[in-house]
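Chemist: Based on the sequences and whatever the hints tell you, model everything.
Residue numbers (my numbering), protein chains in the order written: chain A, 1 to 336; chain B, 1001 to 1382.
Some hints here could point you the wrong way.
[What the hints assert, rightly or not] Taking lysine-lysine and the DSSO-like style, the derived pairs with C-alpha atoms no more than 30 Å apart in a straight line are:
#1 B:Lys1031 / B:Lys1079
#2 A:Lys113 / A:Lys250
#3 A:Lys29 / A:Lys42
#4 B:Lys1148 / B:Lys1079
#5 B:Lys1053 / A:Lys250
#6 A:Lys250 / B:Lys1148
#7 B:Lys1031 / B:Lys1053
#8 A:Lys29 / A:Lys57
#9 A:Lys75 / A:Lys113
#10 B:Lys1079 / B:Lys1143
#11 B:Lys1143 / A:Lys57
#12 A:Lys57 / B:Lys1079
[As the list claims (entries may be wrong)] Partner residues are not named here, just some residues of chain A that face chain B (Cβ under 7 Å, in silico):
#13 Arg7
#14 Pro94
#15 Asp232
#16 Ala239
#17 His251
[As the list claims (entries may be wrong)] If you want a taste of the chain B side facing chain A, the calculated C-beta under 10 Å gives, among others:
#18 Ser1142
#19 Ala1344
#20 Thr1366
#21 Thr1367
#22 Ile1371
If you're looking for bench data, these hints aren't it; they were derived computationally from the structure. Note that the structure is predicted; figures quoted are calculated from it, not measured. Idealized CB from N, CA, C, for every residue including glycine.
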Amino acid sequence: MTGFIVRRLLTSILVVILTSMFVFVLFFKGLGDSPARNACEKLHNGRCPAPVLASIKHEMGFDRSLASNYTTWAKGIFAGRSNVYSDGKGYNCPAPCFGISQMTGNTVWGDLKQKYPATMTLAVGGASMYLVLGVILGSLAARWRGTPADRLLVGSSLIVSSIPYYLVALLAWIYLSLQFQIFPNTSYYPITQNPGKTFAWMLLPWLVLGLTNCTTYARFTRGQMVETLSEDFIRTASAKGVRTNRVLFKHALRAAIVPVITIFGLDFATLLAGTIFTEQIFSIDGIGRWGLAALQTPMDLNVISTVVLVSSILVVVANLLVDILYSFLDPRVSIA
Amino acid sequence: MSTDISQRPDGMAAPANPDDPFLVVDGLTVKFPTHDGLVQAVTDLSYSVERGKTLGIVGESGSGKSVSSMAVLGLHDPKHTRLSGSIRVDGQEVIGASEDRMRKVRGNSVAMIFQDALTALHPFYTIGDQISEGYRIHHRVSKGEAKKRAIEMLDRVGIPQPNRRVDDYPHQFSGGMRQRAMIAMALVNDPQLLIADEPTTALDVTVQAQILDLLQDLQREFNSAVIIITHDLGVVAELADTTMVMYGGRAVEYGATREILTHPEMPYTWGLLGSIPEVAGDANVRLVPIPGNPPSLLNPPEGCAFHPRCPHVDKVPGDLCRTTLPALVPGDRGENHVKRCHLANPGEIYTEEVLPEIAPDLIDPTTGEMIAELAAVDPDEV
Chain A
1 MTGFIVRRLL
11 TSILVVILTS
21 MFVFVLFFKG
31 LGDSPARNAC
41 EKLHNGRCPA
51 PVLASIKHEM
61 GFDRSLASNY
71 TTWAKGIFAG
81 RSNVYSDGKG
91 YNCPAPCFGI
101 SQMTGNTVWG
111 DLKQKYPATM
121 TLAVGGASMY
131 LVLGVILGSL
141 AARWRGTPAD
151 RLLVGSSLIV
161 SSIPYYLVAL
171 LAWIYLSLQF
181 QIFPNTSYYP
191 ITQNPGKTFA
201 WMLLPWLVLG
211 LTNCTTYARF
221 TRGQMVETLS
231 EDFIRTASAK
241 GVRTNRVLFK
251 HALRAAIVPV
261 ITIFGLDFAT
271 LLAGTIFTEQ
281 IFSIDGIGRW
291 GLAALQTPMD
301 LNVISTVVLV
311 SSILVVVANL
321 LVDILYSFLD
331 PRVSIA
Chain B
1001 MSTDISQRPD
1011 GMAAPANPDD
1021 PFLVVDGLTV
1031 KFPTHDGLVQ
1041 AVTDLSYSVE
1051 RGKTLGIVGE
1061 SGSGKSVSSM
1071 AVLGLHDPKH
1081 TRLSGSIRVD
1091 GQEVIGASED
1101 RMRKVRGNSV
1111 AMIFQDALTA
1121 LHPFYTIGDQ
1131 ISEGYRIHHR
1141 VSKGEAKKRA
1151 IEMLDRVGIP
1161 QPNRRVDDYP
1171 HQFSGGMRQR
1181 AMIAMALVND
1191 PQLLIADEPT
1201 TALDVTVQAQ
1211 ILDLLQDLQR
1221 EFNSAVIIIT
1231 HDLGVVAELA
1241 DTTMVMYGGR
1251 AVEYGATREI
1261 LTHPEMPYTW
1271 GLLGSIPEVA
1281 GDANVRLVPI
1291 PGNPPSLLNP
1301 PEGCAFHPRC
1311 PHVDKVPGDL
1321 CRTTLPALVP
1331 GDRGENHVKR
1341 CHLANPGEIY
1351 TEEVLPEIAP
1361 DLIDPTTGEM
1371 IAELAAVDPD
1381 EV
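Modeler: Shown next, in the form of C-alpha cells:
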C-alpha cells in the first residue's frame, strides 16, 4: 500500500513537472517577445523606442536561455523571488511565487488565495448535489426499469443533457434571479463571515450545476445498477430473505457505485479548476472568471499560466486519490 | 442440534401432520413471456420431498431444473413470469403468496446453495458479514451474536481458523472454501429444506467429494429435506434417495435413485448413463454422447420432446413419438417408477441393446442377461 502510494506520488510529481515545463514554454516562450513589447508600449504611450525595449527584454529575461528562464521561474515557486519585473517596476514575490498579476499588481498567489474559496464552495456544493441526486435517481430508475417513471427519467435526462449548459445557466439566471427575483442575489459571499448568506447566494448556481449534471450521473448509475442487479450475488441476497430495498440500496448499490465514484473524482477535479460559465453568469469571483479576465488584451500571462498549472495539478491529484480510494472501495484490488 | 418443528422461528402455522412431505410440488408450470414468444421453462412438474430425504434433479442446461427450484423460493420476478400449479412448503402455498410471507420463508425454512460461489457471494462484503446478515434477518440478535453464529457455522462446515477467516472477503477463499462458506450461509437458520443448485459444478473433483460428504453429514445432523440439482449422475448416485430426470421442462423419469440408475426406462436417461466416463472400467468402452442439442423451449418439438434425438423412435409403431406427448406413467417396474416414453418394452431394449454398449461388464456373458446383483434391485426400495 505505502509502496504503491509512493510510486504513484513519484509519477504524479513527474507529470506535474512535465506539465509545468509545457505551461512555461507555452505561455512564456512561445509568444516570442510580445509580452516585452506590450509592456513597452504601455509604458511609453504606444510608442516603443528600441533602447527601452532592449532594457525591458533584459529585465524580463528574454536575453537568457530557455533553461535559465525556466529554472528562475520554477525556483521562484518554491523559494520566492525578489525584484520581479512587471510594468516598469520591481516587485517582491515571496514563495510560492507565480509572478505578478498585471491586472492588479498583486502577487498571483495572493490573488489565487482570494479567488479560491468561491470556486471551492461552488464546486463542493454543486458536485455533492449532482452526485447525490444522480445516484438516487439512477438507482430508482434501475429499480423501476421499464416503467413509465424510468422512461420519464431517462428521457428527461437526455433532454437536459442535450441543451447547452450555458443556456440553462443563463435562462435560470434571467428568469429565477432577474425576472422573478426568487434568488435575488447570486454571487459568492465569504463563507467565514456569514455562511447563511453564502448559502442563499450560492443556492441557484448549485442548483443549476447540480440539476444539469445529475442527469449524466443518473444514467450512468442506472446502467451500472441494471448490470449489477443481474449478478448472482443479488439473487443470493434475495434467497436469504433480504428486503427488496435493502438488496437494492445495500447489495446492488455498493457494487454499482465504484465506477460512479471513479468518474466523479475526475469530474470534481475539473470543477475545482473553475467553471467559467457558472462563475461568469452568476458573477462568482472564482478561478474560472479570473482566468477569463486574464485573457483580455494584453493578456495576463502569469495568471493564465497559474490557472492552467493549478488545474492540471488538481487533475493529477484527483487521479491519485481515485486510485487510492479504489482499493478501499473494492477489496479485490490489492495495491501492495 | 434438534429440529423441533412445533417451534417455528418464522411463526407460521405448524403443518397438520409432521410426516407429510415438507415440499409438495404439484403441476408446476413456469412460463416467461419474452419478445420472441413464450418460453415454456417448466411444464406440469410434480414431485415431493420428505424431511431427511434427498431428491436429485438431473438434466441438461435449460431442462428447467433451476427454474423450478427458484420457484419454490418465489425468486422469479412476478412481472416477467407466469406461474401456475401449486408449491406447498410445509403445508403453505407458495404460488401467489405475498412478498412479505415469502421473505420469511427464504433463507429461513428453505435455503438455497448456488452453483458458482465466487459470483454468488458479494465481492465487497466479508464472508462473516454475509453469513450474519442472513442470521439477523430471521433472528433478533445483536451484530456480535450474529458474528459468533457465523464463526460457529464456518467451523461447522470445516473452515480452518474460523474466527480469523470470518473477516476475509470471498476472493481470499479457495473455491472449495467459498462453497463451504456458501453452505454455512444457507444453513445458518437451520433450514428444513435445502436446495443445492449444482453445488459442486465449479469445483475440482477432490473438493467435490468433500462438499458432497459435508452436505450428507449436515443433512443427517439437521434432518432436513434436500434437493440436489445436477447434471452429474455420479452426484445423484452418491446423495439422492429419489431421482427425477428432466428434459425440455418436463419430468421424464422419476423413482428411487438405485432403481433409476439400474433399470432406466427412458432413452434420455440411457443417454445420460452412456455419457459418463468410467474411471475404473474398461478403457475400450465407448462413451456414447447424446446426439443433437437440447430442445428449444420457445418452440418445443411436437409429441415427445426427446424424439428428434432419440435413437429408438423407429421401435414405436406409427408416428406416435412425433405426434403424441407420452404421459408420465408407471412402466414395467411398478407404481413407484414412472417414465414418459412410448416404448413398449424398455427393459428388454436396455438389457439387449444399450447396456452391452455402455457397460458390457454389467452383462452376464453366459445368459446375456443383466448381472444378478443389478437385476435384484427392488424398484420400490428408497
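Chemist: Tell me, in ascending order, the numbers of any earlier hints that this structure violates.
Modeler: Result: hints 2, 4, 5, 10, 11, 12, 13, 14, 18, 19, 20, 21 and 22 break, sorted rising.
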